[in-house]
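**Student:** Top to bottom, those sequences are chains A and B. To convert a position in the first sequence, counted from 1, into the working numbering, add 712. To convert a position in the second sequence, counted from 1, into the working numbering, add 257.
Worth flagging that the hints you see were computed from the coordinates, not collected in a lab. Heads up, a few of these hints could be off.
[Unchecked claim] Quick list of in silico lysine to any residue cross-link-like pairs, SDA-like style, CA-CA up to 20 Å:
1. 953/A <-> 406/B
2. 953/A <-> 402/B
3. 291/B <-> 870/A
4. 953/A <-> 303/B
5. 332/B <-> 320/B
6. 319/B <-> 337/B
7. 453/B <-> 411/B
8. 953/A <-> 392/B
9. 453/B <-> 396/B
10. 453/B <-> 435/B
11. 332/B <-> 525/B
12. 319/B <-> 303/B
13. 953/A <-> 405/B
14. 332/B <-> 865/A
15. 332/B <-> 870/A
16. 453/B <-> 431/B
17. 953/A <-> 412/B
18. 332/B <-> 473/B
19. 953/A <-> 338/B
20. 923/A <-> 933/A
21. 291/B <-> 869/A
22. 953/A <-> 407/B
23. 319/B <-> 338/B
24. 291/B <-> 838/A
25. 953/A <-> 532/B
26. 332/B <-> 804/A
27. 953/A <-> 418/B
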Amino acid sequence: MTAYLFRRTLFAVFVLWGAVTVVFLVLRLVPGDPAQLILGSDATQDEIARLREQMGLNRPLVVQYGIYLGDVVRFDFGDSYRYHSDAMGLVMGRFPLTLQLAVVAMVIGLVLGISLGVVGALRVNRLADRVVSVFALLSQSMPSFWIGIMFILVFARQLHWLASGGHGGFDRLVLPGITLALPLIAILIRLTRSGLLDVVHENYIQTARAKGLSERLVIFLHAIRNALIPIVTVAGLEFGKLLGGAVIVETVFSWPGVGRLLIDSISARDYNVVQAAILLIACGFVLINLVVDVLYGYLDPRIRLGR
Amino acid sequence: MDRPTEQVLPRNDSKAADNPTPSDPPVAARTRVKIGRLRIIASLSVIALYVVAAVIGPILLKYDPVATDLGSRLKPPGTLLPSGHTAIFGTDQVGQDVLAQMLQGARVSITVGLATLVLAGVIGVAAGIAAGYFGGWLDTVLMRLADVQLTFPSILLAIFIASILGPSVVNVVIVLSISNWVTFARVTRSQVLGLKNRDFVDATRTLGARTWHLVTRSILPSVIAPILVVATVELGHVILAEASLSFLGLGTPASTPSWGMTIANGRDYLSNAWWISTIPGIGLAILVIGFGVLGDALRDRFDPRLRSM
Chain A
713 MTAYLFRRTL FAVFVLWGAV TVVFLVLRLV PGDPAQLILG SDATQDEIAR LREQMGLNRP
773 LVVQYGIYLG DVVRFDFGDS YRYHSDAMGL VMGRFPLTLQ LAVVAMVIGL VLGISLGVVG
833 ALRVNRLADR VVSVFALLSQ SMPSFWIGIM FILVFARQLH WLASGGHGGF DRLVLPGITL
893 ALPLIAILIR LTRSGLLDVV HENYIQTARA KGLSERLVIF LHAIRNALIP IVTVAGLEFG
953 KLLGGAVIVE TVFSWPGVGR LLIDSISARD YNVVQAAILL IACGFVLINL VVDVLYGYLD
1013 PRIRLGR
Chain B
258 MDRPTEQVLP RNDSKAADNP TPSDPPVAAR TRVKIGRLRI IASLSVIALY VVAAVIGPIL
318 LKYDPVATDL GSRLKPPGTL LPSGHTAIFG TDQVGQDVLA QMLQGARVSI TVGLATLVLA
378 GVIGVAAGIA AGYFGGWLDT VLMRLADVQL TFPSILLAIF IASILGPSVV NVVIVLSISN
438 WVTFARVTRS QVLGLKNRDF VDATRTLGAR TWHLVTRSIL PSVIAPILVV ATVELGHVIL
498 AEASLSFLGL GTPASTPSWG MTIANGRDYL SNAWWISTIP GIGLAILVIG FGVLGDALRD
558 RFDPRLRSM
């Protein structure tokens, strides 16, 4: 287990290093001057020269990279020129809100996804199963930003049940939470349904039935355990994706999390904040993957002994 | 999509499954093929409709991205405009016909989608063949790169690169190709690994064929079918990703409005003009569903093993 843990951690560090390097390279190798990019087209030559000096752009790329890596390790991404404060601090301040949204979406996704999947498996090929399958197809095919707008249109503008945006109480979490959860619900419905259908003919299920257990007990005591292993993995991986998807949902619902800050900073050319936000989300994503890997290796010994 | 007809029957129907009448399996198989064919035909018709609309639509219904007609702004669907034609899907905040905008947008979205698939496909297939056929350190490097990229949310990578490159159609294609080559590389690699030691490849090699000949004449033709299936499934995803980028203002520029941008524009007019955001979104969803269903049906029909990819 220690060797497995070590290998996974090493890979996580490797991925983070990759993300940091990609961010560095994209900002510097893209055609055009980063200083020009940051200052916009109406900057004077003087201002550009000063910023180039300040950013160290006149030094060789390798030296720049070394300095950059040193800064990243110390979580120093420079200051946000818009807010005149530490970029990483700014992003960290918004992170709890994004996390809150992702957790709510995760809970909604797990509850609805698994229960609808069970319904589909219990009523396979009947009307309820068809309805559930179509629902899964729809939630996967409709763009999340559009669903969000439709929710606002119906529940906020027409029915006045819920607020359309901003953050605050639980009522403001419902719409963005469901919007963010929809793709997850679709995946979990399929996993649960096919996981259950895979085992319904296994001997141990026959035994459970032969003992006279009700169908409900057979499903919830015995069959669902088999489906749970892939669900745990996928749910973990999807939690990371929720952090990425939150960028769009936060924009639609004006939720002041990291994603919203990222998009605002992009349009304001506040690249220090952009870098900090991207790397923080990447960091969260990699950490979650690591936790899932470790948990999975713990749950299923075949995985950690496999390689 | 799961294929309900293929699943094992649950307990409630298990009597029939345990004691099948002799005619049962062929009938089931025939129904399955029939449903499969129906899905392919239905989804292909939907997609064909969009392609035709994208090709000839903008010719019939002119759209000028810079024109404004303030007299006929925010008119509901079905309004007869002063210019003499009826705005079937209403008009937007500057008096533009929403249908004309959608037809133009269909052109942009489908073009971007296809161009992305070609670019990502070429890069991915080349990488996959190189990794699978030659193996060794090249395989390790390419597949590690793929692993690293897969552990990173692709929309985040796309947003970051797009924010640096700035909005343009070519940049969207580049950005989306960067986030999509991995799928092609993985599928191709796994196919090549299965192929490279098959008898017909060995025979060709024994006859003295060079590597290039082997790859282009023996390996590549056998890889094409699964790649096309994957491409169909991916096309829907790419179109969605393009719409998301455009929605965030990081996709296509204002001069070539795609659906995502039209939907974004309608956000500010939700209380007095619901149709600007609603209708293009429905159009987008139907197209994506079309590609999803077609991809699934093709996969089930030609290569069910691809399911796990």
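**Student:** It remains to establish, for every hint, whether it holds in the given structure.
**Tutor:** Now for the hints, and whether the structure bears them out:
Taking the CA atoms of residue 953/A and residue 406/B, the gap is about 13 Å. The hint holds against a cut of 20 Å. For the proposed pair residue 953/A and residue 402/B, the alpha carbon gap of about 19 Å is at most 20 Å, so the pair holds. Under the criterion of a C-alpha separation no larger than 20 Å, the hint pairing residue 291/B with residue 870/A is inconsistent with the structure, at around 43 Å. Taking the CA atoms of residue 953/A and residue 303/B, the gap is near 30 Å; set against the 20 Å cutoff, the hint is violated.
Taking the CA atoms of residue 332/B and residue 320/B, the gap is about 17 Å. The hint holds against a cut of 20 Å. With a CA separation close to 16 Å, the supplied pair residue 319/B and residue 337/B stays within the 20 Å bound. Taking the CA atoms of residue 453/B and residue 411/B, the gap is near 31 Å; set against the 20 Å cutoff, the hint is violated. A threshold of 20 Å between alpha carbons decides the hint, and for residue 953/A with residue 392/B the separation of about 31 Å lies outside it, so the pair is violated.
Annotation: proposed proximity of residue 453/B to residue 396/B holds, straight-line Cα distance about 14 Å (limit 20 Å). Our distance criterion of 20 Å between C-alpha atoms is broken by residue 453/B and residue 435/B, whose separation comes to about 27 Å. At most 20 Å may separate the alpha-carbon atoms for a hinted pair to count; residue 332/B and residue 525/B meet this at roughly 15 Å. Restraint check for residue 319/B and residue 303/B: not satisfied, since their Cα atoms lie roughly 23 Å apart, outside the 20 Å limit.
Proposed proximity of residue 953/A and residue 405/B is supported: the alpha carbons are some 15 Å apart, at most 20 Å. Proposed proximity of residue 332/B and residue 865/A is supported: the alpha carbons are some 18 Å apart, at most 20 Å. Distance restraint check for residue 332/B and residue 870/A: the Cα-Cα separation of roughly 19 Å lies within the 20 Å cut-off, and the hinted pair is therefore satisfied. Between residue 453/B and residue 431/B the alpha-carbon distance is near 31 Å, which puts this suggested pair outside the 20 Å criterion.
The straight-line distance between the Cα atoms of residue 953/A and residue 412/B is roughly 9 Å, inside the 20 Å bound, and the hint therefore holds. Taking the CA atoms of residue 332/B and residue 473/B, the gap is about 56 Å. The hint is violated against a cut of 20 Å. Restraint check for residue 953/A and residue 338/B: the C-alpha separation of about 45 Å exceeds 20 Å, so the hint is violated. Distance check on the hinted pair: residue 923/A and residue 933/A sit about 13 Å apart at the alpha-carbon level, within 20 Å; holds.
As the CA atoms of residue 291/B and residue 869/A are separated by approximately 45 Å, the hinted pair breaks the 20 Å bound. The suggested pairing of residue 953/A with residue 407/B holds, with an alpha-carbon distance near 11 Å, which does not exceed 20 Å. Between residue 319/B and residue 338/B the alpha-carbon distance is near 15 Å, which keeps this suggested pair within the 20 Å criterion. For the hint pairing residue 291/B with residue 838/A, the CA-to-CA distance comes to about 19 Å; that is within 20 Å, so the pair holds.
Restraint check for residue 953/A and residue 532/B: the C-alpha separation of about 31 Å exceeds 20 Å, so the hint is violated. With a C-alpha separation of about 45 Å, the suggested pair residue 332/B and residue 804/A falls outside the 20 Å cut-off, and the hint is violated. Simply put, residue 953/A and residue 418/B have alpha-carbon atoms about 18 Å apart, close enough for the 20 Å limit, and the pair holds.
Hint compliance for this structure: hints 3, 4, 7, 8, 10, 12, 16, 18, 19, 21, 25 and 26 are not met, and every other hint is.
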